[in-house]
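Undergrad: Chains A and B, in that order, are what the protein sequence lines are. The numbers in numbering that gives the first Met the number 0 rise by one with no breaks, and the one at position 300 of the first sequence is 299. The numbers in numbering that gives the first Met the number 0 rise by one with no breaks, and the one at position 4 of the second sequence is 3.
A portion of the hints provided could be inaccurate.
Same chains, same label: a pair holds when it works inside one copy or across any pair of copies.
To be verified - List time: in silico SDA-like cross-link candidates among lysine to any residue, alpha-carbon distance up to 25 angstroms:
hint: 1; residue 1: 196; residue 2: 343
hint: 2; residue 1: 299; residue 2: 312
hint: 3; residue 1: 196; residue 2: 287
hint: 4; residue 1: 299; residue 2: 181
hint: 5; residue 1: 66; residue 2: 49
hint: 6; residue 1: 28; residue 2: 228
hint: 7; residue 1: 53; residue 2: 66
hint: 8; residue 1: 228; residue 2: 314
hint: 9; residue 1: 23; residue 2: 181
hint: 10; residue 1: 192; residue 2: 284
Hints in this document: simulated from the structure, not taken from any laboratory. Predicted, not measured: the structure shown is a model, and the values here were computed from it.
Protein chains: 2
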Amino acid sequence: MAENKTFNVAVVGATGAVGEKIIKLLEEKDFPINEIKLLSSKRSAGNKLVFKDKEIIVEEATDDSFKGIDIALFSAGGSVSKRFAPSAVKHGAVVVDNTSAFRMDENVPLVVPEVNEEDIASHQGIIANPNCSTIQMVAALKPLQDKFGLKRVIVSTYQAVSGAGTQANNELAEQSQQFLNGEEMQAEILPVKGDEKHYPIAFNALPQIDVFQENGYTFEEMKMINETKKIMHEPDLSVAATCVRLPFFTSHAESVYVELDQKGLSVQDVWNELEKANGVVLEDNPSTQTYPTPLSAANKEEVFVGRVRKDLDYENGFHMWVVSDNLMKGAAWNTIQIAESLIKNNWLKN
Amino acid sequence: MAENKTFNVAVVGATGAVGEKIIKLLEEKDFPINEIKLLSSKRSAGNKLVFKDKEIIVEEATDDSFKGIDIALFSAGGSVSKRFAPSAVKHGAVVVDNTSAFRMDENVPLVVPEVNEEDIASHQGIIANPNCSTIQMVAALKPLQDKFGLKRVIVSTYQAVSGAGTQANNELAEQSQQFLNGEEMQAEILPVKGDEKHYPIAFNALPQIDVFQENGYTFEEMKMINETKKIMHEPDLSVAATCVRLPFFTSHAESVYVELDQKGLSVQDVWNELEKANGVVLEDNPSTQTYPTPLSAANKEEVFVGRVRKDLDYENGFHMWVVSDNLMKGAAWNTIQIAESLIKNNWLKN
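In isolation and in its complexed conformation, chain A is listed as follows (with noise of 0.2 angstroms):
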């Protein structure tokens, strides 16, 4: 492929949380664009957006948007995706979903490029982007896994509002300041907006994100065991998660425990991995408490691992705290990721 080729690049949801990170990426990262179109739901659209110091105007998405796409990039929500991504393959385009609609289908990859890059090769037509908690504790146990094997996965999750949409930002937002006034929280969108009750976030904590499954766990837990099962290529890897939302804006953040498959293993031997990993940064020092922390790790690329300790009672057990930016990592970075290997491995055609 010639180097500079450019590419006609339609992003769905444009005018969204996720939609409006992958547009900023885009442009930061000099993505070889030829023509951009931004696209969303009829209500947003005719808004104005800037790309490149040139206003663009947010199109309704239909049916005939994604003629002359090559890479269309879908944050609108399930039902948006699982609309109009077949049109967009149909007109020869390669969708990078960012919604749950596909993760699971066996002829869709799962992709984290730092974890199973290849799968991408193997798409038709559209890969799917993980659920943000799952991006950033599979990056972060990949280099386990290669040195050293993986025997279990435990997981208690510290979740963002902003996870949640933009609503649930200014939820965060209105109730932390009725709380200072004293005055009694509303509570409309949180810990989900269609679900029967909601519960004040500010000054809170929420041990439910997305709905509740059969099974008792919530579908970002399912999403969570699923999803690293499929990404890692281990279906029968033990991964158990709890998921919590926090009264926070930006990065989930995670309490890990992992055991190995070898044993006799140091916190240096883990450090060691952590620190080669493509797209993990170790912060992890307790003697001048350095760790990372939500607000740390906002508006940053990486995954963020610190407090790695060895159990104190099993020999192949390890407790780690990862953290990253739900918005970035979790959700625009990993799509353009998936895009930029699309271009550099010639893997775009469908």
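Position chain B relative to chain A; hints supplied.
TA: Just chain B now, with coordinates in the frame of chain A:
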């Protein structure tokens, strides 16, 4: 012991967050008090507090303060307990100590009445109140230990700032307002007042509670690990902890993974034991989005448990979400319970 017998009670740390709760509970529970003495540091001495409509002047604690005292309730920090608890004992008082000063002393019972009330009987003048995050966890684990046996416990905590004192509460409120105003947040207290570095807690998460130990764990994590084994009389129980400070004022929440000795159990089996356990309230119904949160547990005495799920891979593994007011069951209420037990069981003489 005569039913109408009353006692001379000293509250050390009367002006602190826990001290205030203790005084309030002594009132509300109609604790059989003959005379109450409110003690503090020199700095807070002279303050006036109201107990049962009577104004009481807070006095500076000295070795002589404990003459004639039957029960001394300490919550003024470890150094104050180390300095004055022996004086109180020498004067014939029984000390219930809320600090970490004596918890791991083999001559000092470490007690959560729902778990090991009988340990109080062997006291030699001092009974220790466990760490807040430990108390609520062992209260929830005890019914499972009794019926099914425990194999291992892995906990990730979600802890309120009030565990770090009134100044930390003020810091969270101030930083929250600064952030909402678009101003820079000032961090001077958390994660640990006496430690070198301070980070904002508002709209953030800090994976450090108390200072780091040589093994890479924080002191809070080691408290949970060691105290749990002592209270539950299982020195060989595997316990692992990751402790995280979060931006809410009241109640600690905990994501607890527990492996039981007995296999083949259902969620219903676990529910049955939790439902009839003393001091535990089961709030667990996914179909109605029923689970405890820090706000829902605030100002209550009980330990609330929800989100009970069977591990999807480990036959004897269960996950649950445990929430309790860290200043109530986690501190003041547990202290009062111990004092009540001393009287009820005629265990007061040291």
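Undergrad: Could you run down the list of hints and mark each one as holding or not?
TA: So, going through the hints one by one against the coordinates:
1. Proximity of residue 196 to residue 343 under the C-alpha cut-off of 25 angstroms is found in neither arrangement, the shortest distances being 46 angstroms within a copy and 44 angstroms between copies.
2. With identical chains, the CA atoms of residue 299 and residue 312 are never at most 25 angstroms apart, being 35 angstroms at best within one copy and 35 angstroms at best between copies.
3. In this homomeric assembly, residue 196 and residue 287 come within 25 angstroms of each other (Cα to Cα) only across copies, at 8 angstroms, whereas the closest approach inside a single copy is 43 angstroms.
4. With identical chains, the CA atoms of residue 299 and residue 181 are at most 25 angstroms apart between copies only, with a shortest distance of 20 angstroms across copies and 35 angstroms within one.
5. Proximity of residue 66 to residue 49 under the C-alpha cut-off of 25 angstroms is restricted to the intra-copy arrangement: shortest distance 22 angstroms within a copy versus 77 angstroms between copies.
6. When the C-alpha separation of residue 28 and residue 228 is checked against a cutoff of 25 angstroms, the pair qualifies neither within a copy, at 31 angstroms, nor between copies, at 53 angstroms.
7. Proximity of residue 53 to residue 66 under the C-alpha cut-off of 25 angstroms is restricted to the intra-copy arrangement: shortest distance 22 angstroms within a copy versus 82 angstroms between copies.
8. In this homomeric assembly, residue 228 and residue 314 come within 25 angstroms of each other (Cα to Cα) both inside a single copy, at 24 angstroms, and across copies, at 19 angstroms.
9. In this homomeric assembly, residue 23 and residue 181 come within 25 angstroms of each other (Cα to Cα) only across copies, at 22 angstroms, whereas the closest approach inside a single copy is 38 angstroms.
10. Taking the closest pair of Cα atoms, residue 192 and residue 284 come within 25 angstroms of each other only across two copies (19 angstroms); inside a single copy the shortest separation is 39 angstroms, beyond that limit.
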